[in-house]
Amino acid sequence: MKKIEFDELQQSRRYRYGYQSFVLLSFLILMDTFVSGLGFVWMEPPMNTFILLLAGCTYFICRCIWGDALVGPKETPRRVTAKTAAVIIVAAAAAVIVAGYGLVRSSYQFSAGTGGSGGPLTLACTVMWSIIALVFAVKHFVKRNS
Amino acid sequence: MGKNLRLKSARAALDMSQKEVAEAVGVTRQTLNAIENGDYNPSVNLCISICRVLGKTLDQLFWEDDDHEKN
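Chains as they are written, first to last, in my numbering: chain A, 19 to 164; chain B, 836 to 906.
Among these hints, one or two may not hold up.
Unchecked claim - The following label-pair restraints were derived from C-beta to C-beta distances:
(1) A111(A) to D900(B): 52 to 60 Å
(2) S54(A) to R864(B): 33 to 41 Å
(3) R864(B) to F52(A): 38 to 46 Å
(4) L42(A) to D874(B): 38 to 46 Å
(5) G861(B) to L42(A): 26 to 34 Å
(6) D894(B) to T51(A): 51 to 59 Å
(7) I115(A) to A859(B): 42 to 50 Å
(8) S54(A) to L893(B): 55 to 63 Å
(9) N876(B) to V53(A): 37 to 45 Å
(10) G36(A) to R864(B): 43 to 51 Å
(11) T892(B) to L48(A): 45 to 53 Å
Stated by the list, open to error - Simulated pairs of lysine-lysine, DSSO-like, Cα-Cα distance not exceeding 27 Å:
(12) K161(A) to K843(B)
(13) K891(B) to K157(A)
(14) K843(B) to K92(A)
(15) K891(B) to K161(A)
(16) K92(A) to K161(A)
(17) K92(A) to K157(A)
(18) K843(B) to K101(A)
(19) K843(B) to K891(B)
(20) K838(B) to K157(A)
(21) K101(A) to K891(B)
(22) K854(B) to K161(A)
(23) K854(B) to K92(A)
(24) K101(A) to K157(A)
No lab work stands behind these hints, which were simulated from the structure alone.
Every residue, glycine too, gets a C-beta built ideally from N, C-alpha and C.
Put together the whole structure using the sequences plus the hints.
So this is what it looks like as structure tokens:
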């Protein structure tokens, strides 16, 4: 597998974003435990942990995109543009497909204890991919105009 | 940390863009821009690479004293 090389600023940023994601994830899990302890179950386990993990991953990816720490300096501009377009298309397509699948199955269930756990996870994935696609597109637009 | 105008002027003297210097050094243009603007403190290895590309010494580009006070 080809090793992706980042320069030192990108590496330091990635370490910082990773640390922030870890702190965010820890905070969310602690809050989830606290809220569950109070008797409010917003999602049945283990779906609550999955969704919190998705939130942490989304934060990390979006920060990397916004901080120019997603692709290394060795990548050619054409390849970066191709990758950007690919990520936007794949992310948007994944969001649409997952959302469509969820709508067809009518499985969006927000309340806990309704028996189905695929709906909330489907929705979370849709939101995650949509956010990534949006951040990628906005960053690309900002970069092009700067 | 102030802007590194000596780096910028050395680059301009060679008529090189940030992108060209960044490619020669092996970093992204954003990293070189951050160094010039004083937003990032590069490692010694990166400083040496930049000096080699621009044909200057570390003292000429990065040393801070009364004579070479950064703006």
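Here's how the hints hold up against the structure:
1. Taking the beta carbon of each, A111(A) and D900(B) are about 57 Å apart, inside 52 to 60 Å as hinted.
2. Distance hint check for S54(A) and R864(B): the Cβ-Cβ separation is about 47 Å, which falls outside the suggested range of 33 to 41 Å.
3. Taking the beta carbon of each, R864(B) and F52(A) are about 45 Å apart, inside 38 to 46 Å as hinted.
4. Separated by about 24 Å at the C-beta atoms, L42(A) and D874(B) break the suggested range of 38 to 46 Å.
5. At roughly 32 Å, the beta-carbon separation of G861(B) and L42(A) lies within the given 26 to 34 Å, and the hint holds.
6. The hint said 51 to 59 Å for the Cβ distance between D894(B) and T51(A), and at roughly 56 Å that hint holds.
7. Separation of I115(A) from A859(B) is about 43 Å and conforms to the stated range, judged on CB atoms against 42 to 50 Å.
8. With their beta carbons about 57 Å apart, S54(A) and L893(B) fall inside the hinted range of 55 to 63 Å.
9. A beta carbon spacing of about 42 Å between N876(B) and V53(A) agrees with the range 37 to 45 Å that was offered as a hint.
10. Checking the proposed 43 to 51 Å range against G36(A) and R864(B) shows it is violated: the Cβ atoms sit about 23 Å from each other.
11. Take T892(B) and L48(A): their Cβ atoms lie about 52 Å apart, and the range 45 to 53 Å holds.
12. Restraint check for K161(A) and K843(B): the C-alpha separation of about 21 Å stays at or below 27 Å, so the hint holds.
13. Between K891(B) and K157(A), the direct Cα distance comes to roughly 35 Å. Violation of the 27 Å bound is thereby established for this hinted pair.
14. Between K843(B) and K92(A), the direct Cα distance comes to roughly 23 Å. Compliance with the 27 Å bound is thereby established for this hinted pair.
15. The suggested pairing of K891(B) with K161(A) is violated, with an alpha-carbon distance near 31 Å, which exceeds 27 Å.
16. Using a Cα cut-off of 27 Å, the hinted pair K92(A) and K161(A) holds, with the two alpha carbons roughly 18 Å apart.
17. At roughly 20 Å between alpha-carbon atoms, K92(A) and K157(A) fall within 27 Å of each other, so this suggested pair holds.
18. With a C-alpha separation of about 31 Å, the suggested pair K843(B) and K101(A) falls outside the 27 Å cut-off, and the hint is violated.
19. Our distance criterion of 27 Å between C-alpha atoms is met by K843(B) and K891(B), whose separation comes to about 12 Å.
20. Taking the CA atoms of K838(B) and K157(A), the gap is about 25 Å. The hint holds against a cut of 27 Å.
21. Note on K101(A) and K891(B): the hinted pairing is violated, with a Cα-Cα distance of about 36 Å set against a maximum of 27 Å.
22. Distance check on the hinted pair: K854(B) and K161(A) sit about 14 Å apart at the alpha-carbon level, within 27 Å; holds.
23. Between K854(B) and K92(A) the CA atoms are separated by roughly 12 Å; this keeps the pair inside 27 Å, and the hint holds.
24. A threshold of 27 Å between alpha carbons decides the hint, and for K101(A) with K157(A) the separation of about 13 Å falls inside it, so the pair holds.
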